[in-house]
Each structure stands twice: as C-alpha cells, then as structure tokens.
Amino acid sequence: MTRAHDSKQKWGRRGINGFAVAAMLYLFAPIFMIVLFSFNNPKGRFNIVWNGFTLKNWANPFSHPELTDALVVSLEIAFISTLIATVLGTSIALALSRYKFKGSGGVNLFLVLPLTSPEVVLGSSLATLFLARGVSFGIVTVIIAHVMFQVSFVAVTLRARIRGFDWSLEQAAMDLGASPRRAFWKITFPLILPGILAAALLSFALSIDDFIITFFNAGSLVTFPLQIFGASRVAIPPQINVLATMLLMGSIAILVGSLIIESRRRRLNAGPESKR
Amino acid sequence: MTKPHKRFASRPEWMGLGVMVFVALGVVALAAEWVTGAPAIGLLALLISSVVAIIWTAIMGGLDTRRALAPYGLLKPGILWLSLFFLAPLWSMLEMSLSSKKSRFDFFPAFTWEWSNYSKALTDFGPQFGRSFLYAGIATILTLLIGYPLAYVIAFRGGKYRSLLLGLIAVPFFTSYLIRTLAWQNLLSDSGPVVSVLETLRLENVMEWLHIMDNGRLINTPAAVIGGLTYNFLPFMILPIYVSLEKIDVRLMDASMDLYTTATGAFRRVVLPLSLPGIFAGSLLVFIPAAGDFVNAKFLGSPQTTMIGSSIQDQFLVQLNYPLAAAMSFVLMAIITASVLVYAKFMGTEDLT
Amino acid sequence: MGTRNNLPTWSGPKYSRRDFLVRSGLVGAGALSLPTLLAACGGGSSTPADTKTLFFENWTGYMDEETVGLFAKETGIDFKYTEAFNDNNEYFAKIQPALAKGDKIAPDLIAPTFWMAARLIQLGWVQKLDKSSIPNFANLRDDLKDPSWDKGNEYSLPYQTGIAGIAYNKKVTGRELKSVEDLFDAAFKGKIGVLTEMRDTIGLILMAEGKDISKVSTFNEAANAFDRLEKAKNDGQIRSFTGNDYVDDLAAGNFAACVGWSGDVLQLSKDNPDIKFIVPEEGGTSWYDTMVWMKGSENGSSVSQWMNYLYDPVNAARLTSFVQYMSPVKGVREELVKLGGESAELAENPLLFPDDATIKKLQTWGGLSETEEAKFDERFASIAGA
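Quick mapping for you: the protein sequence lines, in order, are chains A, B and C. Per the working numbering, the first sequence runs over residues 224 to 499. Per the working numbering, the second sequence runs over residues 227 to 579. Per the working numbering, the third sequence runs over residues 917 to 1302.
Chain A extracted, bound-state conformation:
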C-alpha cells in the first residue's frame, strides 16, 4: 500500500466520522430548541418568539392543570398497557424461542403484521370495530389499542434478544431435580429479565408517545400528545417544553442507569471467565 492510499483512507475515515458527528447534531437540534424554549419568558400566551430567559416555568411546571392531568392520564395508560403487553408479549416470545412447534411460522407472520401496518389503518380499523359494536371511547379503548401494537413489539424485540439463549441451562437444573416451574423461575427468568425490561421500557415509551392510534380511539379522553395537539392550535405554554424536558431527562437517567448496571454486570461476569 502506498502512502497516498493510506492518507486517502485516513481522510475517508475522518470524513465518515465527521458525518457521524454532523448527524448527531442534526438529531439533537430540535431537542436543543425544546429545552431552550422551556426557559423562555413569553409576554402573551404564545411560546413562539424568544423573549428573554426565565426560570419561572421550571418553578411552576404544573401550573397548567389540563396539561398535567393529560400527562397523568398518559402515564396511567402507558403503565397499564405496558404491564398487559409485557406479559402477553413475553409469553409469545418464550413460546417462539423456547419450543419448536407446528404453526410457528404462521404465528411469526401474524405478529409482524401489526408492525407493518400504518398507524392510521390500525387506529381507524379499531375505531370502526368499536363504533360498529357500540363501545364507548375512553381510557379502556385506548389501553386496548396500545396493548395491540405493544404486544407485537414486545414479542418481536424480546424474541430477537433471546434468540441465542442457552436453554440447556434449564434442562441442567431439571436434571438436578428442580421442577420445570422452579427451573424456569430460578434460572431462565432472571437471565432473560433484562431483555424483558428493555422491551417493556421501549413499549412504555411507544405508548406515552402514541398520537395517531390514540387520536382515533380516545373519544373525549385527553392524553399528553392529544393535549399538545390541541394546544398547538391555540397557544403553547412553555410548561409543555418543561414537561417534555422532564420526560427527556427521565429517559436519559434510565439510559445511564441501565448502562452502569450493564457495565457492572459485565465486569462481574468478566471476573472468573475473562477469556470467552
């Protein structure tokens, strides 16, 4: 290899790294705006034009009850639907990765279908069913809708995650006299738990943020995204930015926390059997 070739490669490498940095900046540009405008001090009721720095929005983050209520509703929905979806989705993922059985191909396909349908279609078709059967829209219909797309999501992500799982561990435990149930809860479950939690967290985020499907099935219930949508047509109080920033910080905290736990775990694991 020639020197010129080397330097060309070096520049190529720098170029692509530079591109990656630019792409990261692009990803964070609107986030910067959101955080910045949470410190804005708008004169009227429209948080559009920068009008000076203030901390008062952060001092009164809950001063818009309709906004706070909507956030609480969203958290409730996300909590319940994630709980249901995680149980259902985990069972499906376990069935698919743990067992070889007839019809697994069909189940696989069936699971992917909701993920490959546009949200307007999912939302409007479910709403059509509810309308046709005279079900009133409200928190229950929203939870049903959320679980519907979360189940597939949890099942598919978790299955990918435990694809390489060593099921012989469970067998070994049973050989040592553990009942199948005990072997599962004592051996398998703790090992796949991080995967389950990760899938649950992501589907929690999907639920909190869902707008399109919720829009069709909420009736007069107002979730956080629906409240923002309503507010976006009239007046956007800076508290929206404050609450959004809080959600953002919460998720960063969870991310950092999970990274720390993971690296600690890895270090622990690396102790006795560092040569894998």
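No lab work stands behind these hints, which were simulated from the structure alone. Keep in mind that the hints are not guaranteed to be accurate.
Unchecked claim - In silico contact screen, one side only, chain A against chain C (beta carbon under 8 Å); selected entries:
id : residue
1  : L354
2  : V445
3  : S486
Where a beta carbon is used, it is the ideal one built from N, C-alpha and C, also for glycine.
Got chain A sorted already, so can you dock chains B and C onto it with the hints?
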C-alpha cells in the same frame, strides 16, 4: 366437560394448534358478528369448553403432552388479543368500506356493497396517495443515507462507547413526537435559525434551485415534510442496521481487507451484503409508518403537500365519512403490501423481522 | 383530576343494522358481543345524579382560572372545567357516537359555534334551558336575541362573540392592509393563511364579491367564491389552512396576512405590536360561540346558575378582560372602566366595542339546509386538501 377423543389427544400438538386457531377465529367471528343470536351463545360455549378441554388434557397428560401443549398455552392470550383487536377490526373496516350512509348525520352506515367508495378513494385522493408514497420513498432513502454511516461508525468505531452512542440516538425520541415536530416548525420558520443561516451563507438561490426552498421559505414545502419524516423515523433505520452490523466479526473485516486490499472493496463485498437484512428491515420500518403519517404534513406542510394519512383522518374524524375513510385505508394497505412484496423479492429476503 | 373522571360508560346491547353474513336478528345475543366481553375487564361507571356539579367543556384559552374558582366558591358547585373543544366538526365527530345511540356525554355544557349549535338543536341533542332561573338573561345584547335557528333562545345562549377579518404582520407586509383583495396580492404569494372555519374564510370572499352572507342559502350562490379560493391555493398564494394556530404563523412571520379572529390578534399584539387586525372595507363576518345544555345531563340547576353568573356584567367584564372577545352581555363596557388599568383601555378598543360604521360592515351567516351545508363542507374540505 367432554373427554377429548383418544386419537386426537395422542397428537397433543395438533390439538393445541387446532384449539388455538379455533379460538382465535371464534373470537373474530363473535366480534365481527359473523354469528349473532343463539348461534353466538353456542359458539362462545364451544370456545370456552375447548379451552377447558385443553387445560384438562394438559393437567391429565404426561410431561410430553404438557411440553407439546405449552407453546400454544403461552401463545394463546396474546394471539387472542391480536385476533380480537387487530384481525376483527380489519374485517369491520372491510364491511365499512362497502357501506353507505342514508343521510349526512345518519350515524351508522349500512352495508350495501357500495363499491363507489373505492372509486371515490382513488379518483378524489389520487394526488394524496401519490404524494404519500413519493415522500415516504424519498424519506426512506434519506434515512438510509444518513443512518447507515452513523450505524457504521457506532458499530465499528464506537469501541466501549457503543451502547452509550446508541442510547444517545434513542434519547431525542423520548421527547414527544409532536413536540419534536413543533420544534422543527420553529426551526424552519421564515424568521427561524435555519433560514437565517442559509441567508447569511447566501445559499438561498442554491436551495431554490434544488427546489428545497420555495419563495424564500423552507416551511410549508414538500422538502420540509420530507425532512420531518426523515428526522422522525431515522432511529428506525439506524437500529436494525446497527444490529446487523454488530453481528459482523471484526476478524472477517480484517480478512476481507487483506483479500480485497481496499476498504471500499471490503465494504462492498463483505459488510454491505451482511448488512442487507438490516437495510431491509429498516426501510420497511421507515417507509410504512411514513406513508401513513399525517403529523409531519400537518405541521410542516401546506395544502399542496397533504398526505393520505391526513385525508383518512379528516374523512373519519371530521367529515364523519367512515365508509370512504375505510376504503382509503384499504387501498393504502393494499399498495403497501404490494410494494413490500416487490421489495422483498428485489432484496431477496424473506425474514421480515 | 380533569380528564380522569371521564371514565367510559359501556353501552348495553348493540343493535345490528346490517346484514352481512348469516345472521339471526336476536338482539338479546348481542349481549355476547364485544362490549360485554370488554365490560368484564373494563368495569362500568356512570356519574351519580348530583345536581351540585357542573362540567363545562370549552375552547382552549377561553376562560380565566379566576372565574372558574370564583364561581365554584360562590355557589358551592363542584365545577369541572376543561378546554378540549378545538374544532366544531372534530368535536361533533367525537360526541356523535354516544349521542346517536342515546347515551349522554360527560360534559353538561359545551360551547359550539352558532351554526353547530343549530345543528345540535336540530338533531335534538340539547335540552331546553330553564330561563325563569336565569334572570340575567335580560342582559343579553338585543342584536343577539332570537336567532333564526333558535327562536326565543330556548336552547342556547351566546358565550362570546367576535369578528373574522384580516390579521397581518406589518413587518412582513410592509404596508397597511384594508381590503379582502389584499389577500390575493401577488406580492404576498405563499404568505397568506386562511381559516379552516369555512364560514369565515368563504364569508370574507363572498363579501368581497358584494354578496350578503346572511342571505346566501344555496351552494350555487357561493360556487364562485370557492373557485376563487381553489385557484389561490393552486397558485401557491395560500400557504395553509389553519385553526387557531394561525397566530403561530403570524407571529413567526410565516404569514404576511391571514383570515383571523379579533380576540386572538388582540392578545398577540401584546407580544408583538406589528401584528394588526382590521375589518376589511368589504365587510367582516360576525360569529358567536354559544353555550348549550347537553341531552341526558341532569345538572340543569347548575347550568342555569352558571349562565346567570356569566350574564352578570361584573363577571362578564372579568371574562372579557381575559379573552378579549366581544361580550354578549350588556353593561360590560361600564364594568371594564370600573376595573381600571388595562381593562379600562379595553373599554376603548374598537374591536371589542365597535363603532357604528364597523357594525354596519359586519354580517352573520344565515342557516343552511342539511343538504346545502353538506355541499359547502365537501367542497371546502376538498380545497383545504385534507
């Protein structure tokens, strides 16, 4: 209740599969009202008794029987949920798309084989369909162009910061979708920072020439809508590509470098083919939601950039024309399914996940 | 707790009106269908018949918190106030499923715009007000009494009234505007906004044609105005169709000018003095939002107490100084003067208390029949491109 048939019970996996499919179709039949009245009560009783029967078989049977039935038991709750709230709704929508209303405020349309809903969907909303697929297609290509290098850098140059970097990519998407899009509205507005940067750099003419800017504005143009779609769906491209790149053994890279001598050669012959599944999954995860999106078109677009998602939403939630909205949804589904199949054939992949 | 109290009420049996596959018509077995299956896990609930409560659902930013608190304190009524009313058509779509079935909706009182109130009255979804317990009804402005679609105000009382005219950002236009024709000025290409509220947008264009909108009753009379709007959209003259969010675009300078509502612009001009509102020389539309008592609500006495409270000029003036729309209540101007400060300035504001010359320029839409209204709406929706 009934004692399962001896020969049937000796093939527990058939029994498990049979009951699962039966129960799934049964609840669809009830929810979609294929059966009503007394037969519905009968069907419900049958569904419950078949579940009871299979539980009973599992309890009475040996370890092997239980093992064979276990996956179906695990699947059933989730499958039931999806049958009830994904399959049955599709059926309701099919019915709805062939229904008609007697008068404007007649609440529930009647099923009348109203095919004109479909012709109306296609003739009245042709431009919206066209735009949706055009914008979603461009956005998919852009996410690939931005997302691939990013995933590549993280996977191969991230070192011990890989998880952190990957997490950072996800972080912006933990703020609300709508708030993010509103922030773009702010960024791209006529007196916003992006336009003023372009103006100080005197790039307006270039942007106009590229049809990105229109009359000195960025917002309310097709470019803004495509930009919004690209931004909002970018992680769905990055993550699957990263997953497929992560699996590539570094030693394989080294070997291929020796073999093909140049980095580009190694990339083209080794890395790219191995990351195709990621590209395939990523493009589906971007294209499909983008084609049905209406948030970006609503906040960043103009009346000239309406996408089919907005039209469906408007027909359903504002005009109350449920039959037309249903027909439009079906056309959208059909076009998406067809293009996914063509794309899968083209990419030579069968694994959708 | 706001929206959380708003639990769904499950319907009883459903009524199959269709005949698709093999179906027997036994309604009783409808009980086996989805609702019942869901109800098993969802649980039902309904509001108890307590007349000391009131739930009012209003447009966003349309009442001050002080009024909400004061009314609850003075009357001891458990007053729930939400602002989820964003768009007449959208709200109608939201409540239609329940009302068409004969169920009630959660709010006792809502604030539809006059033409939507007319529709709700026609459909029989609202209740007659007990005007004997609303003595302050006497304070209703005479020009708002007795609308053609609600003779004697049996079902509705105006909440606030306003003007749709032209709002503009002088920094962008570089000149003062005065006419509807300014919206079609090629110099503002791509910087014009119009409202999704069909009556206001089309109303202004019709007036520019010299038509009297209170007399327009068929689609054909308005067809030219729609064509003109469509052409402007296709030429790229019109940038977007907006609801209340036009204020964002106006403030950000995205719009040079747009069709807008008086009160919004007054609020916005506090932030930005370049933003102005005019009643065009060809005329502006005058509209009003109403309060109607929903069918099935049992809180009639609270509804009456609330309306009476709001029609007291003192309370109406407090509301006016917040929302800055025109009040339907007589005597508000005097009360504003008494309040002093910024409120007193409002008493002199020609948009809140228009002079006779302006009043002469204002017109209100008459009623449209169901079939004609459908034609208007459909044509407008196809232009708005949704």
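Output the numbers, in ascending order, of every earlier hint that fails for this structure. 3
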